[in-house]
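Asks: Given next are the chains, with one letter for each unit.
Number of protein chains: 4
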Amino acid sequence: MKALTYHGSGNKSLDEQPMPELLKPTDAIVRMTRTTICGTDLHILKGDVPTCEPGRILGHEGVGIVHRVGSGVSTLSEGDRVLVSCISSCGQCEYCRRGMYSHCTTGGWILGNRIDGTQAEYARIPHAQTSLYRIPNGLDEEALVMLSDILPTGFECGVLNGKVQPGSTVAIVGAGPIGLASLLTAQFYSPAQIIMIDQDPNRLEVAQRFGATACIDARTTDAVAEVMRLTESVGVDCAMEAVGIPVTFELCESLVAPGGTVANIGVHGVKVDLHLEKLWDRNIAITTRLVDTVSTPMLLKTVRAGRLNPKPLITHRFPLNDIVAAYDTFSRAADTRALKVIIEMP
Amino acid sequence: MKALTYHGSGNKSLDEQPMPELLKPTDAIVRMTRTTICGTDLHILKGDVPTCEPGRILGHEGVGIVHRVGSGVSTLSEGDRVLVSCISSCGQCEYCRRGMYSHCTTGGWILGNRIDGTQAEYARIPHAQTSLYRIPNGLDEEALVMLSDILPTGFECGVLNGKVQPGSTVAIVGAGPIGLASLLTAQFYSPAQIIMIDQDPNRLEVAQRFGATACIDARTTDAVAEVMRLTESVGVDCAMEAVGIPVTFELCESLVAPGGTVANIGVHGVKVDLHLEKLWDRNIAITTRLVDTVSTPMLLKTVRAGRLNPKPLITHRFPLNDIVAAYDTFSRAADTRALKVIIEMP
Amino acid sequence: MKALTYHGSGNKSLDEQPMPELLKPTDAIVRMTRTTICGTDLHILKGDVPTCEPGRILGHEGVGIVHRVGSGVSTLSEGDRVLVSCISSCGQCEYCRRGMYSHCTTGGWILGNRIDGTQAEYARIPHAQTSLYRIPNGLDEEALVMLSDILPTGFECGVLNGKVQPGSTVAIVGAGPIGLASLLTAQFYSPAQIIMIDQDPNRLEVAQRFGATACIDARTTDAVAEVMRLTESVGVDCAMEAVGIPVTFELCESLVAPGGTVANIGVHGVKVDLHLEKLWDRNIAITTRLVDTVSTPMLLKTVRAGRLNPKPLITHRFPLNDIVAAYDTFSRAADTRALKVIIEMP
Amino acid sequence: MKALTYHGSGNKSLDEQPMPELLKPTDAIVRMTRTTICGTDLHILKGDVPTCEPGRILGHEGVGIVHRVGSGVSTLSEGDRVLVSCISSCGQCEYCRRGMYSHCTTGGWILGNRIDGTQAEYARIPHAQTSLYRIPNGLDEEALVMLSDILPTGFECGVLNGKVQPGSTVAIVGAGPIGLASLLTAQFYSPAQIIMIDQDPNRLEVAQRFGATACIDARTTDAVAEVMRLTESVGVDCAMEAVGIPVTFELCESLVAPGGTVANIGVHGVKVDLHLEKLWDRNIAITTRLVDTVSTPMLLKTVRAGRLNPKPLITHRFPLNDIVAAYDTFSRAADTRALKVIIEMP
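Protein chains in written order, with this note's numbering: chain A, 100 to 445; chain B, 100 to 445; chain C, 100 to 445; chain D, 100 to 445.
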């Protein structure tokens, strides 16, 4: 089968690879029908993720059709159309039983990282019963690719951790796919304001269309001053960090109101300065989270009910054969205006 | 009347001061019977608290007897024995209605800071109805002085924010009065382990007596390694910072388990390093809080029910005339083994 | 001044009454500009509310202009446009500090019940600072009359107690003003389904317009069977009772899914049968609540942000002089299609 | 092997039965070392539990040693000492993922009910990985039998649902094993008062020893009046029903304070009267729950930490050969003073 393979820092190619096989009774093999590329895949390609070794098939998102199931899989059958979760979870270890699937002792984020992933014609999915979700009839499968990772990430790490509530005020720093996923799912809770902050006018324009109540171009506007103006000098109840660098995290520290929350979503490579000399008496919380995907069943319900439409996050489509071009398009988002690119299997 | 007065950095004296007067209908004048000294008072004396100006009477803790009440005070009467909260709260502003008395728009921590305080024969207490607590009959009033500040601080900032639960594991960094108050009130929730970390063997000995399940002398022992040994290499569900300097906060970052909480209690004067490169995917929360004293009624109930005994926090007693000596004793805690010193009024 | 006065069971009239006066320093006198009639007023007129004695001016809803304030009122001034809460709360007693304003020891539901109310040209409002809400500029004051009682009631007793969540399923039994207020505010949380059940096709039609995903006419349809059909035989996560009689409460018992909540909103005059022999192992909660109006500041924010539009709840308008006709219209809702009737002051 | 077998209403005997066999890859066979008898077993024997058919081996509690594991069981091995949970849970269905193991679609309370149980030399345990708990070294296994059912039941249905908090007031109606388990675990949260109500002076004496702050003999004392006296006429924050009949549930309705909770624990066979005419405006919650045993890992931690000692719940011991006598002793608890009887395997 064909699969996008990581060959060490800076190198990848669409290679012929052997078909995956069932290794454990709880595995399933999924024939992928669509996958996508994540910012994390670009991190791997920079060599920033040492757990991902050369030879690995990348990808941790997608939808497909169950091809084979192990003897321990009773709730899924060949032919079932399924959503692949970016997090593999056994459902049974201490972490899974606390809802922290991200820390599953035999799972977590392993797809396209510690084991081969989904940017391929077929993928082996461990703990299939609790890592695949049957797709209800009538749902747009392409749109559901957004539920593998970015929508649960935005929702759990940003919206739930950030305790977004009716009438509350929210600032989201970073209007990339994750920030936009946070923007979409923050609206589940009817906040009074959602202020998007970015440096890319195109992405801010998208944010406006997606429901932002205000957009701040941080290149041209003093974001702190503008947020204070919009919030009667109080700051926001929830500041979400959706970039992953010190300057944006420290901006969130400046935006959060007394009693509020800084919900970190970004993947950070270096430490940040935490200004406790200003924050110690502000009654705030700072949260971090690798997505658990515990919210996936709920997100499927909201899509099915028409309360959430993930489709507009998709900007480009490529056949698997052109996946290298898809990577190029995705990696030059400022130029290409790419948000999420769909890879379609033959 | 006599009152301990701040005269600018490094200077204080017991002076004759005019009697306080009712300034607003919601004020009360309390004849103090006992007060105490807080670490914050030492900060003020170092000149670290610019809101506290020379001439100010210090002190924000104590018990006493209502001497006069304003026309707007209907729930308290002259002669009532009362506990003074370190936080003045109106009960009516937006923050008070959210339970954030610390941010009361006309209160907060003002006693002995922005207005004259309790290290005096008489003190004016604003918002008396919601800042004084009538003392139930039969309670030891001296012990209740611990409920003005340190017990609600340890409980709210440490135990509640830290989400201490039955069976959970707790580390408290700093075994001073606040850390010990956290230790006492953490036991409300029956955690499996409470590990105290300090550099003062005397304070650790006290912690052992107060219910710590393990004590670590950070001068002689690698605290991270020892906590990991005690927690099967997982870390603690809750790490409380009760010192207020970078090294102890950063220690907490190293102690916290996935899914856990770092509850900051300390007053910080400089920034700390937040190692998001290690913590971004650990699903943790970091909390800050200036005590709200919303838990004071509950703490009074637990004292009354015999579930909490604050008395052992008191190590020394001085008459008001010797308050300067009391400051000296309190400030040299390593030598004097002082925890809390009671100042008794004539 | 003119005021609608209760003269004992079955009797009321628009009478000339003396102007209200400030009785306590915390009182305010409000010149009412608009009020409305509540189902509870009809209960009083049936003689069902013994705390309301003949001679009482009725009404506990409305907006107006501050006419005079007591000496203890510092946050409101003459001329301020204000919303009157149906619940008077001191903000300072034990219940108020727990957010249970409904049980305020010197307040609660007293307006138009234990003290004179708002269906008058002027009304005395006790605990003015915490029972009146300044109206932000630019808001439609008529629409805000809906925030005195029915919107917080539907939201707190129905939506909050019922734990409505994104993707959850909700049934509301009773499509009168309170049920519709619950329907409007349930949408703050983006549930997947909101099923309205009533016997009045007109009200169900309104419910459909207000966002119900399904409407069941209980005269012609087996409501239990239909709800089970709509929920894949599971029942609803939240069943709200918005009528106040045994048959509708017992219907809710039949609708609730395992793990769900029956949120009672209705005012009940007799006991109901609780089928614990069916429910003991269903892991459900049943909640009751007299509205606390703690959510009023939040509701004002959502109105201001355009997330909530209370206006369509208003169906009729009458001048104060015609308030008796307004009562007639409101009491014959099945014929007149009345939801809420606005009474406009001269 | 020998096993206590149900032969229809009123009939049971210790019979020779075939050894259980692994039926699914996720099963384990446990050689039981100790089991016990539950009030529910007596219900079955009265013919009240139609899901339990004649021929069934009774029992859903106990500890033992893993004898064989299915091919899908990787976290347990032969020879492991294990605690059997009364609830079988797959950990993977929608209910299990919400923590509602009691409603597991392929589990729940099935042991000794829908499938053969634990009052036997060997028992088949479905979903072994998530229904058995390895016993930490050094723990008293006999005491752990109390963790199969009654301690999680008292804790989850009574204490957690009842929201017991530091300083709160609790009444427990029924001082049988479940009520006493609630009493023991309520103390995890340091309530100010725990008032036990029963009609058996012996059980009340036990309750006193177990930490009750007051005991009421309902035969000789007006329980409502006495609880009101003890709570300054407010009632209790949490009233737990641990009997299962209308009169005790309705007593709880009379005991609960505004804002409080009635936590039902009892198994009910008939409806009760819910006095909504008195309760609709009291802001209370009523909860029901079949134990989920989600708290079992936590309870094991508290036992291990010495925060909970289940041992005193055990009053009698019998060898398996005398299990019929053990049933007799257990069923005549008023005479025999039996709480829990341990059945020891040969």
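Simulated from the structure, these hints should not be mistaken for lab results.
Be careful, since some hints might not be right.
Just so you know, same-sequence chains aren't split out, so a pair can sit in one copy or run between any two.
[Said to hold, decoys possible] List of simulated lysine to aspartate or glutamate pairs, DMTMM-like, C-alpha gap at most 25 Å:
hint, residue 1, residue 2
1, 101, 372
2, 145, 376
3, 377, 147
4, 377, 193
5, 377, 152
6, 123, 193
7, 123, 443
8, 101, 316
9, 123, 325
10, 377, 349
11, 370, 349
Asks: Determine for every hint whether it applies to the structure shown.
Replies: Results of checking the hints against the structure:
Taking the shortest alpha-carbon separations for residue 101 and residue 372, neither the intra-copy value of 44 Å nor the inter-copy value of 45 Å comes in at or below 25 Å. For a Cα distance limit of 25 Å, the shortest separation of residue 145 from residue 376 across copies, 16 Å, qualifies, whereas the shortest one inside one copy, 36 Å, does not. Taking the closest pair of Cα atoms, residue 377 and residue 147 come within 25 Å of each other only across two copies (13 Å); inside a single copy the shortest separation is 33 Å, beyond that limit. For a Cα distance limit of 25 Å, the shortest separation of residue 377 from residue 193 across copies, 22 Å, qualifies, whereas the shortest one inside one copy, 37 Å, does not.
In this assembly of identical chains, residue 377 and residue 152 lie within 25 Å of each other by CA distance solely across copies; the values are 20 Å between and 42 Å within a copy. In this assembly of identical chains, residue 123 and residue 193 lie within 25 Å of each other by CA distance both inside one copy and across copies; the values are 20 Å within and 23 Å between. Taking the closest pair of Cα atoms, residue 123 and residue 443 never come within 25 Å of each other, the shortest separation being 28 Å inside a single copy and 38 Å across copies. Taking the closest pair of Cα atoms, residue 101 and residue 316 never come within 25 Å of each other, the shortest separation being 41 Å inside a single copy and 56 Å across copies.
Taking the shortest alpha-carbon separations for residue 123 and residue 325, neither the intra-copy value of 55 Å nor the inter-copy value of 37 Å comes in at or below 25 Å. Taking the closest pair of Cα atoms, residue 377 and residue 349 come within 25 Å of each other both inside a single copy (12 Å) and across two copies (17 Å). In this assembly of identical chains, the alpha carbons of residue 370 and residue 349 lie at most 25 Å apart whether taken from the same copy (11 Å) or from different copies (11 Å).
In terms of the numbered hints stated before, the structure departs from hints 1, 7, 8 and 9, listed from lowest to highest.
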